[in-house]
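Given these sequences and hints, build the entire structure.
Protein sequences appear in the order of chains A and B. Residues 1 to 114 in the working numbering are what the first sequence spells out, letter by letter. Residues 1 to 114 in the working numbering are what the second sequence spells out, letter by letter.
Worth flagging that the hints you see were computed from the coordinates, not collected in a lab. You may find that some hints are simply not true.
Below 30 Å or equal to it, Euclidean Cα-Cα: the simulated DSSO-like pairs (lysine-lysine) are [to be verified]:
hint	chain 1	residue 1	chain 2	residue 2
1	B	LYS95	A	LYS101
2	B	LYS9	A	LYS37
3	B	LYS95	A	LYS71
4	A	LYS5	B	LYS9
5	A	LYS5	B	LYS95
6	A	LYS101	A	LYS54
7	A	LYS37	A	LYS113
8	A	LYS68	A	LYS37
9	A	LYS5	A	LYS113
10	A	LYS68	B	LYS95
11	A	LYS71	A	LYS37
12	A	LYS101	B	LYS9
13	A	LYS37	A	LYS54
14	A	LYS71	A	LYS56
15	A	LYS37	A	LYS101
16	B	LYS95	B	LYS9
17	A	LYS71	A	LYS5
18	B	LYS95	A	LYS37
19	A	LYS54	B	LYS95
20	B	LYS9	A	LYS56
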Amino acid sequence: DQQVKQNSPSLSVQEGRISILNCDYTNSMFDYFLWYKKYPAEGPTFLISISSIKDKNEDGRFTVFLNKSAKHLSLHIVPSQPGDSAVYFCAAFRGRAAGNKLTFGGGTRVLVKP
Amino acid sequence: NAGVTQTPKFQVLKTGQSMTLQCAQDMNHEYMSWYRQDPGMGLRLIHYSVGAGITDQGEVPNGYNVSRSTTEDFPLRLLSAAPSQTSVYFCASSKGTGVGETQYFGPGTRLLVL
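Quick look at the structure:
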């Protein structure tokens with residue numbers, strides 16, 4: 001039973017437009033949510049995060065929104081650039097009581113067309 | 001800093017063989033972990049360690065062993081490889097175990113079990 005789900009396996013967007021990636025979770029005990037970006041043949045790299053007590057966090061072109069009542073978060077990339085083409089993983093974190101574990105979604109492959 | 005390094009990059013095993021995937025970090029991080037990535041499944045936690053001499057099981061520990069004799073190294077042992085262990089394996093580390101601690105991932109080891 002996947003606790004973190006990314007229901008769109010892929011997304012194609014034109015350069016300069018907005019990319020919206022979605023993520024749903026089932027466990028209300030998650031403390032923190034993170035997005036990781038992964039290029040082929042490389043490990044995931046941290047992109048942006050949000051605490052469960054906030055509803056928005058912005059870092060340059062990247063904004064993460066959290067809707068706790070809906071157990072849903074989204075990542076907005078504006079404007080999208082060809083270098084953003086990668087696989088994006090949503091991850092949820094539970095603290096010490098749960099072993100400080102990250103639970104990942106299945107990933108969304110983003111293709112930004114020039 | 002080299003960050004998190006993993007060897008080998010790629011390995012082919014026959015069913016029943018054993019092998020050790022190596023992971024090392026030079027950032028003096030307390031927390032280290034192993035994940036496997038399978039298509040559509042995201043990254044799943046195999047084992048983790050909160051410090052030298054301390055290890056614990058993650059979500060999918062069966063068929064794998066770990067030890068943490070030093071802060072720097074966290075090898076993953078496959079005792080008797082099975083085709084179901086064909087996957088890409090990532091090692092990760094973080095400075096501590098606090099909420100939202102960023103995990104740094106290695107480049108991965110691609111394993112094929114025939």
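Which earlier hints can't be squared with this structure?
-> 20
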